[in-house]
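With this note's numbering as the guide, the letters of the sequence shown map in order to residues 331 to 501.
Worth double-checking, as some hints may not be accurate.
The following label-pair restraints were derived from C-beta to C-beta distances [claimed, not checked]:
hint, residue 1, residue 2, range
1, Leu355, Ala453, 34 to 40 Å
2, Thr459, Val489, 29 to 35 Å
3, Gly477, Asp401, 32 to 38 Å
4, Asp460, Pro409, 31 to 37 Å
5, Ser415, Ala475, 36 to 42 Å
6, Gly432, Asp467, 18 to 24 Å
7, Ser415, Ser476, 22 to 28 Å
8, Arg392, Gln359, 14 to 20 Å
9, Glu377, Leu406, 17 to 23 Å
10, Arg443, Leu400, 26 to 32 Å
Since the hints were made in silico from the structure, they are not lab data. As the structure is a prediction and not an experimental result, all values here were calculated from the model. Think of the CB as a built atom: it goes at the ideal place given N, C-alpha and C, for glycine as much as any other residue.
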Amino acid sequence: MLGVSLALALAAFYLLGSTGYEYSLDQQQALQRHGSPDAFLIQFAREEDGEYARAEEWYYHRYGFLITFLDGEALLTEPMGAPQSVAAPAPYQPRQFSPFMGWQDVYYATGERPAGRGSDYYAELFAGTDVELYYSDQLVVGVEASGERLIYVAASALVAADAPIAGSGGQ
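Work out the full structure: start from the sequences and follow the hints.
Here it is in structure tokens:
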């Protein structure tokens, strides 16, 4: 019983966005104007000073554009073609993820366990690296082989026909 209570408490902690990441002013403005993104990508890279850079793409398929952020600063808004009907946006928020998360932390934050093999696109993207990939219905997560640091997150939306929309356009 204590294990269930602890798991629920950890899930609530992460779902409420308590990963230590707070949205920047630019991201808050995007959320106010457009709502939560339908899909998103996050990549973490260690910089020379030891800090982690956070690169994000927020996809608004229903409006036909994406916003690129680097460490919370909006760098670019670009069209993606005609708006698409979204049956199921990604059930996650970008603030749920930070570079100091391992796979277990991602599980507590999302409630998602790996659901098998994913697309060849992601396998090719990380070929020759020490990144382990975990797949679920609308989420692909790349974690260092040690399992202790998050490298990559792709949260996908589903279009009306239930076909996944690749966050990166690569599928």
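| query | Hint numbers the structure violates, sorted upward? | reply | 3 and 7
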